[in-house]
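A.B. asks: Spelled out from the first residue to the last, the chains are:
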Amino acid sequence: MLLAGAAAWAVRAQPASPGPESLAPATDVAVSDRTAHALGVGAGDVIEIAPTAAGPWRRVRIGHLYRPLLYPTEVADRDADVRLHLPDLQALAGAGDAVDSVVVRLRDASRAPHVAADLTAMGLGVHAYTSAELARRNSSSFEVVARFHRAIGAVAVLAGSVFLVTIMALRGEEMRREVGMMRLMGLGSRTVASAVLLVAAAVAVAGSLAGAGLAYAISFVINAYYRHLFETDILFSRVTWRLVGEAAALSVLLGVAAGALTAWRLLRRRPLDQIGR
Amino acid sequence: MTSLVFLAGRTLGRNRVRSGLVLLGLAVTGALLLDMTMLAHGLETSLGAVLSRIGFAIRVLPKGALPFAGDEELAGADRLAEAIARQPGVAAAVPVVATNVYVRHGGARFPAFVLAVPEGGTGAYALLEGRDLPPGPGAGMPAAIINPIMAQDDGVRVGDTIVLSGVPARGLAPLAAPRAFRVAGIADFYVDLAGQRSISIPTTDLRALQGRPAGAASMILVRLSDPARAGALVRWIAAQDPRVDALSNADFLARLATRLTYFNQFSLILGSLSVAISFLLITAIVTLSVGERLGEIAMLRAIGFTRTRIAALVVLEGAALGAASLPGTFLLGLVIARYLDAILRQAPGLPVDLHFFVLTPAAAVRTVALLAATGAAAGVYPAAIASRTAVAATLHAEVQS
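Residue numbers (the working numbering), protein chains in the order written: chain A, 1 to 277; chain B, 1 to 401.
These aren't lab readings, by the way, just hints derived from the structure by calculation.
The C-beta atom is built at its ideal place from N, Cα and C for all residues, glycine as well.
Among the clues, some could well be false.
Claimed, not checked - Facing chain A, from chain B, some residues (calculated, C-beta under 10 Å):
1. 22
2. 25
3. 27
4. 31
5. 74
6. 243
7. 273
8. 274
9. 280
10. 336
11. 348
12. 352
To be verified - Computed far set for chain B versus chain A, every beta-carbon distance over 12 Å:
13. 50
14. 105
15. 127
16. 180
17. 191
18. 303
19. 304
20. 309
21. 370
Could you put together the complete structure from these sequences and hints?
C.D. replies: Structure follows, in structure tokens:
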């Protein structure tokens with residue numbers, strides 16, 4: 001299969017009175033739904049395309065509309081998406097039989113590395129890649145973005161941890177009199193510490209549940225907004241059960257640690273001091 | 001006002017552990033906010049600085065294109081450049097061709113970016129060592145300028161001979177009519193990608209090497225002697241040739257901004273979350289503080305503080321917390337920004353001089369204003385509680401307890 005692409009062609013809806021450059025629409029093309037929406041056209045309509053904004057313009061008929069499967073990086077930088085049969089594009093571009101790439105389907109996919117090596121070694125001036133190699137080469141941007149997201153996540157965890165410790169410190173101060181009374185009534189340090197830890201864990205669990213709910217809501221809004229904005233089916237934000245589980249586990253862990261710190265601070269003081277005597 | 005500032009300061013200093021924890025939390029969320037404001041326009045700011053350094057005020061490109069982003073060419077660019085050069089306020093109009101070639105040096109063969117210019121002294125690169133390209137075609141081997149990466153990584157020196165070809169394979173090289181060039185100098189090409197080898201050669205030699213049509217170019221770089229003429233010249237070029245876009249540096253950055261929506265949206269979402277967390281943190285701490293000080297607040301009301309002054313005192317406490325977190329915010333924010341910038345700069349296809357996180361006065365002012373406003377807004381709810389305190393009942397309860 002031969003593939004050719006043109007990055008900066010111009011596309012416009014057909015003018016009311018066709019100019020002298022226009023030709024009869026003999027070519028059927030496929031147009032993305034987003035492009036069709038932007039141009040205000042639909043299947044069966046005639047549009048004009050040109051290699052440059054100055055022409056020469058060629059009239060083509062929209063055979064059908066489609067929704068392209070784009071990379072997330074592509075959704076924001078495409079004004080228009082049009083697909084033509086290869087000979088039509090080559091004829092319109094005046095590019096002879098030039099193509100950008102040749103896609104090869106093998107009967108035995110396990111032989112891909114050998115075939116790629118053989119094609120490269122033929123000395124035709126081409127380099128052949130297996131699908132896995134191409135995926136690796138093309139995914140480096142996504143790996144960088146994933147690393148960036150993980151780093152931002154770490155900062156968010158740090159902010160959340162400090163927030164949790166602060167809230168628990170405040171809660172501990174609120175419990176000061178209560179704890180003083182409990183100790184004066186004869187409850188042991190271990191019981192008091194357990195109570196504080198239980199409160200901390202409960203706060204963390206409640207916070208995790210609320211956070212998961214908030215995450216689903218925000219994720220829903222983000223997906224709804226950006227899918228509408230870019231007219232795409234791409235999922236921009238996804239909250240998985242695993243993610244929720246990891247976040248909740250981390251939250252409870254941090255909550256218990258914050259509770260332990262609070263309990264230590266509470267038990268350090270004398271009971272009479274705690275009730276203000 | 002002085003008394004309000006004094007009271008707010010005393011209140012925050014009363015419980016140092018609590019205030020310290022809140023300031024730490026605010027520093028982390030504030031740092032995230034600072035980073036997001038830096039990220040929002042970081043690339044544009046960084047690229048703007050590079051463009052200013054290059055010195056060309058206008059770029060003329062095929063319509064809809066970005067510099068060096070594709071193979072589109074402007075037919076008849078030489079003629080258009082001559083016409084532009086004749087306009088008032090124009091110091092130079094330089095048509096350049098950008099493409100990729102293969103270089104052979106010794107036994108090594110590697111791809112390189114080539115920037116073809118009409119002659120030396122155009123300013124499309126900054127010469128670091130050796131001599132520039134000659135002003136016109138001369139006898140003997142044509143000259144080439146290389147970038148420092150090629151000198152360091154491939155051991156190419158001034159005076160060496162390199163062979164340029166349009167094809168990568170040794171077997172096909174004779175068909176592509178490779179040409180030998182003598183390295184005349186080493187130059188900074190301003191926007192080299194990480195690890196990118198760059199060469200500059202005369203346009204006539206590149207056209208001969210690749211069989212390109214005469215007169216075509218990738219873009220025209222325009223240097224102005226009168227920067228105030230930029231707008232008028234852009235309009236003149238647009239009217240002159242409908243195939244092209246004439247972009248001033250600001251236009252270019254605006255066009256690039258449409259491709260950077262990911263970072264803008266990301267920074268908007270995360271910046272908003274940072275503000276929300278800061279708001280919650282300050283609201284929680286100030287509300288608790290007010291709850292503990294109802295007796296004191298009732299006392300202040302009893303000795304003549306109006307409800308408005310009490311509310312102002314509490315709002316001031318919130319704003320003071322936001323303001324007090326600023327040193328930590330900036331310190332932590334700059335450290336985190338440096339780390340995050342290093343991660344993002346590992347992305348392929350990025351010029352080495354570009355940064356994602358750039359601290360500008362606007363970003364700093366925006367962060368300070370947002371934190372102060374968040375602090376003040378977070379103080380509104382506890383201020384409402386404090387101002388509604390019933391004086392007699394609260395004082396009575398205090399005495400009873």
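A.B. asks: Which of the listed hints are not met by the structure?
C.D. replies: As far as the earlier hints go, only 12 is violated by this structure.
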